[in-house]
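With chain A held as given, fit chain B onto it using these hints.
Protein chains in written order, with the working numbering: chain A, 1 to 187; chain B, 1001 to 1292.
Any given hint could be a false lead.
[As the list claims (entries may be wrong)] Label-pair ranges, simulated between beta-carbon atoms:
no.	chain 1	residue 1	chain 2	residue 2	range
1	B	N1094	A	M1	42 to 52 Å
2	A	G150	B	A1176	44 to 54 Å
3	B	L1179	A	F173	20 to 30 Å
4	B	L1089	A	V49	35 to 45 Å
5	A	K2	B	N1140	18 to 28 Å
6	A	F173	B	I1007	55 to 65 Å
7	B	L1103	A	Q151	35 to 45 Å
8	B	R1076	A	Q44	20 to 30 Å
9	B	L1223	A	K2	42 to 52 Å
10	B	L1093	A	A170	22 to 32 Å
11	B	E1207	A	E74	46 to 56 Å
12	A	P165	B	G1279	45 to 55 Å
Since the hints were made in silico from the structure, they are not lab data.
Nothing here was measured: the structure is a model prediction, and the numbers come from that model.
All residues carry an ideal CB built from backbone N, CA and C; glycine is no exception.
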Amino acid sequence: MKKKMLHIFIVAILGGALLHFTLTGIYSFSKSPRNDSITHISEQYAVPVFHQNWSLFAPDVPKYDVQLEFRAAENGLWQNWNDASQGNGFADHSRIEYIEQNINTGLAWQVVNNLYSSNNSVQYDRIVASGNYLQALHFVSRLVERKENGQPDSLQLRLNFRFTPALDKAYTFQTTHLEFPVYHLEE
Amino acid sequence: MKWTERISHYFISESQHPKAQRLLEIFVYGWLVGNMIFLFPVRDMLWGMDAVVARGGYDDGVLNNFFFQLVYVPQRAEIFYWIHILASLLSILNFRFVFVVRLVSWTTGLILYYGAFNAFNSGFLLVLLLAFYLAFSKTNSKNPYRIALNNVVYWCCVIQILMVYVVASFFKLTGAMWLDGDTMYYSLHIHRFSHDSVLQSGILQHEFAMRSLNYLALAYQMLFPVVVFLGRGRIPFLIVGALFHLFICVVMNLWDFGLAMIFAYAIFLPETVAAKLLGRPQTGEATKPRSL
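Chain A with its partners taken away, still in its complex shape (with noise of 0.2 Å):
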């Protein structure tokens, strides 16, 4: 009887197990949104407590290196561009730079899916309305509250791109820039 309930208990556990990387197996391979029923199944499963991403540098990686930088206006003067972890004071590979670099991929995506133009003139009206951006403008709003001990009136961000050349063409750079409008912190 005894042995009975272990064999019992040892299916339970491997039909559990199973049941579970299938499901966390659906999930890691389909690519969000997940609509159809199998893999909207296995998000509902896996989100929050199974949660994992593995196409770390996949499928391809960006072909540019990008920073966002910020400058801040108190009293109507701006102040110089600054890099926003480096400028307010956090070193080159701190987690604060990992987390502007994470902000960064967010918004280079707007920046490649939601700027366009209209009337000869760029649009940043999605851009500015989506969470990415929203998302930067808190982190550098706060990074500047933090080393200056209080709001600036005004903030403006920008992301600065350097483009890599292809592997065989020449070693030079191309940069550039995007300035996003000026976001006045009383509004």
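Frame of chain A, contents of chain B only:
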């Protein structure tokens, strides 16, 4: 003997890899403690009232509300931070009700992860998944139920690590860059994954070196799920993998991810090697089950 009986016998006869599993326990919970100590100087900027990580709304639900609670109640951050450290520290030990503190370590780890998800990468996620499986492990137990559970935990850890390599390889093969051999070159030009010394060394302009590194990394990841089951080639292969992940730590500045992967290799070590690393000679008798 029927195949079902053979499987059953395999799981209840004895803990199959107690030393390797014990080593993984120490590494996993040790990693969690180290991670939090490393973040100590910036913890208020990650989770506290003045966090620099923006907080958004998430789907409602009991589980979401529980694991995302720092998003809504950042005042609790300090409590979870210290509970997580204490629970992870105790989880390294092997006492009777250790699964309780291990579940606390895992739960608080997830809460802290979601409280500042932009500050973390898959290294934290992998360690948390292993921490969950290992919560049910007790390698020195002679209870037949615990022995069966130990063996299932062992295979869960193995499958989880294999899944990392299989999924990562799959997604790499769906793009063009890895197949063209350009990924290492472009990655090392991204400042977050590089160093000034690397950028200025001129090594990045060596096409052969860059492509070789790319294909070696890809081949390693694709071969991993097969080679770790080979008897003779496994140890040299794991050493190459550890060096590869050390490169990710030192050159690409992903210390948390790189160390998580290196530590995870403990589960693939032969028992004799794991015993040496634990500082205990292998006797092979401690994990035999009590008779039923």
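The hints, checked one at a time:
A beta carbon spacing of about 31 Å between N1094(B) and M1(A) contradicts the range 42 to 52 Å that was offered as a hint. Between G150(A) and A1176(B) the Cβ separation comes to about 49 Å, which falls inside the hinted range of 44 to 54 Å. The beta-carbon spacing between L1179(B) and F173(A), approximately 25 Å, falls within the hinted interval of 20 to 30 Å. Checked against the hint of 35 to 45 Å, the C-beta distance between L1089(B) and V49(A) comes to roughly 22 Å, which is inconsistent with it.
The beta-carbon spacing between K2(A) and N1140(B), approximately 22 Å, falls within the hinted interval of 18 to 28 Å. With their beta carbons about 59 Å apart, F173(A) and I1007(B) fall inside the hinted range of 55 to 65 Å. Taking 35 to 45 Å as the suggested C-beta distance range, the pair L1103(B) and Q151(A) conforms, at roughly 42 Å. One distance hint, 20 to 30 Å for the beta-carbon pair R1076(B) and Q44(A), holds here, with the actual separation near 26 Å.
Look at L1223(B) against K2(A): about 44 Å separates their beta carbons, and that is inside 42 to 52 Å. Taken as a hint, the range 22 to 32 Å is violated for the pair L1093(B) and A170(A), whose Cβ atoms sit roughly 59 Å apart. For E1207(B) paired with E74(A), a C-beta distance near 49 Å keeps the hint of 46 to 56 Å intact. The hint said 45 to 55 Å for the Cβ distance between P165(A) and G1279(B), and at roughly 52 Å that hint holds.
Hints 1, 4, 10 from the list above are not met by this structure, while the remaining hints are.
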